[in-house]
Amino acid sequence: AQSVSQHNHHVILSEAASLELGCNYSYGGTVNLFWYVQYPGQHLQLLLKYFSGDPLVKGIKGFEAEFIKSKFSFNLRKPSVQWSDTAEYFCAVNPGLKAAGNKLTFGGGTRVLVKP
Amino acid sequence: KAGVTQTPRYLIKTRGQQVTLSCSPISGHRSVSWYQQTPGQGLQFLFEYFSETQRNKGNFPGRFSGRQFSNSRSEMNVSTLELGDSALYLCASSADSYNEQFFGPGTRLTVL
Numbered sequence: 001a002q003s004v005s006q007h008n009h010h011v012i013l014s015e016a017a018s019l020e021l022g023c024n025y026s027y028g029g030t031v032n033l034f035w036y037v038q039y040p041g042q043h044l045q046l047l048l049k050y051f052s053g054d055p056l057v058k059g060i061k062g063f064e065a066e067f068i069k070s071k072f073s074f075n076l077r078k079p080s081v082q083w084s085d086t087a088e089y090f091c092a093v094n095p096g097l098k099a100a101g102n103k104l105t106f107g108g109g110t111r112v113l114v115k116p
Numbered sequence: 001k002a003g004v005t006q007t008p009r010y011l012i013k014t015r016g017q018q019v020t021l022s023c024s025p026i027s028g029h030r031s032v033s034w035y036q037q038t039p040g041q042g043l044q045f046l047f048e049y050f051s052e053t054q055r056n057k058g059n060f061p062g063r064f065s066g067r068q069f070s071n072s073r074s075e076m077n078v079s080t081l082e083l084g085d086s087a088l089y090l091c092a093s094s095a096d097s098y099n100e101q102f103f104g105p106g107t108r109l110t111v112l
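Chains as they are written, first to last, in the numbering used here: chain A, 1 to 116; chain B, 1 to 112.
Read the hints as simulated data drawn from the structure, not as lab findings.
Certain hints may be false.
[Stated by the list, open to error] A few chain B residues that face chain A, going by a derived Cβ cut-off under 8 Å, partial list only:
1. F45
2. G58
3. F103
[As the list claims (entries may be wrong)] 20 Å max Cα-Cα, derived SDA-like pairs, lysine to any residue:
4. A/K71 with B/S86
5. A/K103 with B/N59
6. B/K13 with B/S86
7. A/K103 with B/R67
8. A/K71 with A/Y25
9. A/K103 with B/S22
10. A/K103 with B/R55
11. A/K61 with B/N59
12. A/K103 with B/K13
13. A/K49 with B/N99
14. A/K98 with B/G58
15. A/K49 with A/A100
16. B/K57 with A/I68
17. A/K98 with A/G22
18. B/K57 with A/G28
19. A/K103 with B/T53
20. A/K98 with B/F50
21. A/K61 with B/F102
22. A/K103 with B/L88
23. A/K58 with A/G22
24. A/K78 with A/G28
25. A/K103 with B/T38
26. A/K78 with A/D54
27. A/K103 with B/R30
Positions of the beta carbon are idealized from the N, C-alpha and C atoms, including for glycine.
Work out the full structure, taking the sequences as your base and the hints as a guide.
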């Protein structure tokens with residue numbers, strides 16, 4: 001069975017600091033990788049995704065993530081955070097075969113608090 | 001394009017009752033998935049429907065069921081409710097399995 005682990009449950013940082021959230025997955029085949037964000041009181045939104053190609057992917061709001069296949073990792077980064085980045089971040093994995101359908105496995109989430 | 005909509009947004013039931021939640025996907029999306037979000041277990045996959053057929057199923061008891069209609073709208077049903085079923089139930093739609101899923105706002109179910 002596939003699993004996803006996020007290293008930090010809570011992260012507190014100041015505005016303009018850099019952010020890196022770790023994500024490791026366990027799955028024996030091709031995967032599609034996602035980072036979702038849940039702002040306070042809002043629904044889950046897609047930050048970025050990796051299906052294939054360049055392992056460094058850029059998403060919305062200045063976020064990027066790097067897929068390192070050998071390490072089964074998909075870490076999220078942002079060079080300079082803003083107070084509005086306060087949210088919960090979820091890493092998720094889906095089987096990479098079209099026929100497999102959609103069955104996202106999520107990590108436990110990381111709550112990020114950015115202090116003004 | 002309108003997003004994924006879920007009704008009702010809030011629901012309070014008592015143990016032993018049953019409940020039906022509804023989800024309308026983004027227009028043109030044929031895949032609808034359901035997830036349960038709780039503080040203790042996080043986000044867990046329930047099932048996925050594609051073209052009116054259940055394509056994937058998570059590790060939930062048979063009390064949890066769903067269906068999809070020809071217009072891609074989906075419903076999920078939970079019978080014989082237990083206190084532990086209290087959760088935020090999220091619906092997500094996508095065009096197919098090689099596309100990202102878009103999530104609705106969820107239905108918050110409280111079981112008393």
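Evaluated hints:
1. F45: For B/F45, the interface hint holds, since the closest Cβ of chain A sits about 5 Å away, which is under 8 Å.
2. G58: holds, 7 Å
3. F103: Result: holds, 4 Å to nearest chain A Cβ.
4. A/K71 with B/S86: violated, 36 Å
5. A/K103 with B/N59: Holds. A/K103 to B/N59 sits at ~11 Å (cutoff 20 Å).
6. B/K13 with B/S86: holds, 9 Å
7. A/K103 with B/R67: holds, 16 Å
8. A/K71 with A/Y25: Holds - the C-alpha atoms of A/Y25 and A/K71 are around 9 Å apart, at most 20 Å.
9. A/K103 with B/S22: Given that 20 Å is the threshold and the Cα spacing comes to 19 Å, the pair holds.
10. A/K103 with B/R55: Holds, at about 9 Å.
11. A/K61 with B/N59: violated, 35 Å
12. A/K103 with B/K13: The hint is violated at about 28 Å.
13. A/K49 with B/N99: Measuring from Cα to Cα gives roughly 9 Å; hence the hint holds.
14. A/K98 with B/G58: holds, 18 Å
15. A/K49 with A/A100: Measuring from Cα to Cα gives roughly 17 Å; hence the hint holds.
16. B/K57 with A/I68: violated, 29 Å
17. A/K98 with A/G22: violated, 26 Å
18. B/K57 with A/G28: Holds - the C-alpha atoms of A/G28 and B/K57 are around 19 Å apart, at most 20 Å.
19. A/K103 with B/T53: Roughly 14 Å between the alpha carbons, so the hint for A/K103 and B/T53 holds.
20. A/K98 with B/F50: holds, 12 Å
21. A/K61 with B/F102: holds, 18 Å
22. A/K103 with B/L88: Holds, at about 17 Å.
23. A/K58 with A/G22: holds, 16 Å
24. A/K78 with A/G28: violated, 29 Å
25. A/K103 with B/T38: Between A/K103 and B/T38 the Cα gap is close to 17 Å, so the pair holds against 20 Å.
26. A/K78 with A/D54: holds, 18 Å
27. A/K103 with B/R30: With a Cα-Cα distance of about 14 Å, the restraint between A/K103 and B/R30 holds, given a limit of 20 Å.
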